[in-house]
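Peer 1: As a plain string of letters, each chain reads:
There are 4 protein chains.
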Amino acid sequence: MSDLIDIFTTGGTIDKVYFDALSEYQVGPTAVADMLRQNNVQCDHRVTQLLRKDSLDLTGEDRVAIRQAAEDSEANHILITHGTDTMVETARMLGGIDGKTIVLTGALQPASLKHSDAEFNIGFALAAVQALPPGVYVAMNGRIFDPATARKDRAGGKFVD
Amino acid sequence: MSDLIDIFTTGGTIDKVYFDALSEYQVGPTAVADMLRQNNVQCDHRVTQLLRKDSLDLTGEDRVAIRQAAEDSEANHILITHGTDTMVETARMLGGIDGKTIVLTGALQPASLKHSDAEFNIGFALAAVQALPPGVYVAMNGRIFDPATARKDRAGGKFVD
Amino acid sequence: MSDLIDIFTTGGTIDKVYFDALSEYQVGPTAVADMLRQNNVQCDHRVTQLLRKDSLDLTGEDRVAIRQAAEDSEANHILITHGTDTMVETARMLGGIDGKTIVLTGALQPASLKHSDAEFNIGFALAAVQALPPGVYVAMNGRIFDPATARKDRAGGKFVD
Amino acid sequence: MSDLIDIFTTGGTIDKVYFDALSEYQVGPTAVADMLRQNNVQCDHRVTQLLRKDSLDLTGEDRVAIRQAAEDSEANHILITHGTDTMVETARMLGGIDGKTIVLTGALQPASLKHSDAEFNIGFALAAVQALPPGVYVAMNGRIFDPATARKDRAGGKFVD
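From first to last, the protein sequence lines stand for chains A, B, C and D. Going by the numbering used here, the first sequence opens with residue 1160, and the numbers climb by one from there. Going by the numbering used here, the second sequence opens with residue 1160, and the numbers climb by one from there. Going by the numbering used here, the third sequence opens with residue 1160, and the numbers climb by one from there. Going by the numbering used here, the fourth sequence opens with residue 1160, and the numbers climb by one from there.
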């Protein structure tokens, strides 16, 4: 068993940045690698940008690709950053991969903002993926959810079960 | 068994703020409660400021008080924020409390700074304290340490084992 | 002559915030009043939100209202926050108001972002409006521009003349 | 007459950073150059670190060196960052340099903090030094002070006259 943590980024709010040239906000290069370095994270990990999409735009094909990446990884600890709107949907398609702990997280406010939950959530998910037994989990709002019962309460701005 | 998480703050770098009137940096009121609220943390928790000291100034009596608070708590999940210089020493005095998961964390840069590891570390420790089996742990630098072998590498600015 | 500074906010990038419920960025309540308080600004000033629009959406009527507010103000120092795309256009419609120093500023990155030019630019414009002789000025990128010759270099992400 | 702005940094709170290895806060390399670049400042300027001291530690000799630098500069616009405790004292020793506008500024909270007045104050001073007639000024709290009457109200955390 490897202690390596494979971190796959797929886009979502967490990676949104503001482009003046377009006067709009778009999914940019992932903020996760910089964040781990700035926080002096010393666990064995690797960051791979799988996708760069708002989660409302993810297709069935995209989800197959995410699952394939998780299956193909030699790591037993897999952290996936994902848009919050369809995070639970993706989590439900990741079941049944033997021996692997898979944790999905994201942010309700972009990491580029002064007041963002991105850094806290990535920290939270990074411990969850190391400490939890094999299975698939959604880690949001300081809680660890079972994808079978979790959902985003959009009006409340939080995940509930 | 309660799912409540008792968070005890003891001071340390994480809570240091700059006082212009003194032209110096001192341990202030804990930043942890605000941080949890700003990150919209929804797990059942309670924050208590036990002490407000640089960890180099903690006495044997202070450590007895920290242990007492952990023993007296009705919670089975206890998160302690602590200065990094003697975090391991305190952790070693918390062994043998049946059925409780106790996690210590802190920061190398104050939470009041633009570039601080405080938010990431609190997020990390909050998942660790929920997911780990009973025992005492030091959660720093994105890793979960056994206090028996952990130490702060001051020159390297990180915890190692 | 009054030393009061009248600050009129009209919207623009400087006041854009991210709305998770819409997965988009919109002009919100002005950030300027909070910013002045947090920076402990002691000059006599008053903040009024005139409009709350992206500057590409400003109409001729809006510009008439901005001019009217400047004329009606009893203050001789008027600071206007404005979207950058049509800031120069608005500035050119503010000429010929006797005895008043009018300074327009804004930001290329929202004040809500970690890396924003908003705070710097507001500070810059606040000194410009106190120190410059009567007239209309665009204050951006650490420079004071004459609206007659200024323009936004969108590709370069800065104002030039 | 040159439009160059010579920026001399002398230390003070604005440049204080936290050193974990010492568990204390010290004056570090100046934050001003990075700040100007991040805010995309386009005016012609040059940043020179003259000193790196808490202003309570400045000697008469240090002040002679600051004055000499201002006299020797070919620029007619000189911005000096300085600790707040003795900023007025230094300003009073800079009088009588013909044809030059000299502005002193600083911060009550280090630029390294999340909530700092550094960025705002540097922006403010940068406009003041371009727009004011020759003379010596203290630019703090969004106000432009005459050094003859200005003083720091330490308890109030602001400059007054």
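Where hints are given, some of them may not hold.
Because identical chains cannot be distinguished in the list, a pair is counted as satisfied if it fits within a single copy or across any two copies.
To be verified - Straight-line C-alpha distance at most 30 Å; calculated DSSO-like pairs for lysine-lysine:
(1) Lys1273 with Lys1259
(2) Lys1317 with Lys1212
(3) Lys1317 with Lys1259
(4) Lys1212 with Lys1259
No wet-lab data here; the hints were simulated from the structure. It should be emphasised that the depicted structure is a prediction, and the values quoted were computed from it without experimental measurement.
Peer 1: Each hint: holds or not?
Peer 2: Do the hints match the structure? See the list:
When the C-alpha separation of Lys1273 and Lys1259 is checked against a cutoff of 30 Å, the pair qualifies neither within a copy, at 34 Å, nor between copies, at 35 Å. In the homo-oligomer, the alpha carbons of Lys1317 and Lys1212 lie at most 30 Å apart both inside one protomer (21 Å) and across protomers (29 Å), since each shortest distance falls under that limit. Taking identical chains as interchangeable, the C-alpha atoms of Lys1317 and Lys1259 lie at most 30 Å apart whether they share a chain (26 Å) or sit on different chains (28 Å). In the homo-oligomer, the alpha carbons of Lys1212 and Lys1259 lie at most 30 Å apart inside one protomer (25 Å), although the nearest pairing across protomers, at 41 Å, exceeds that limit.
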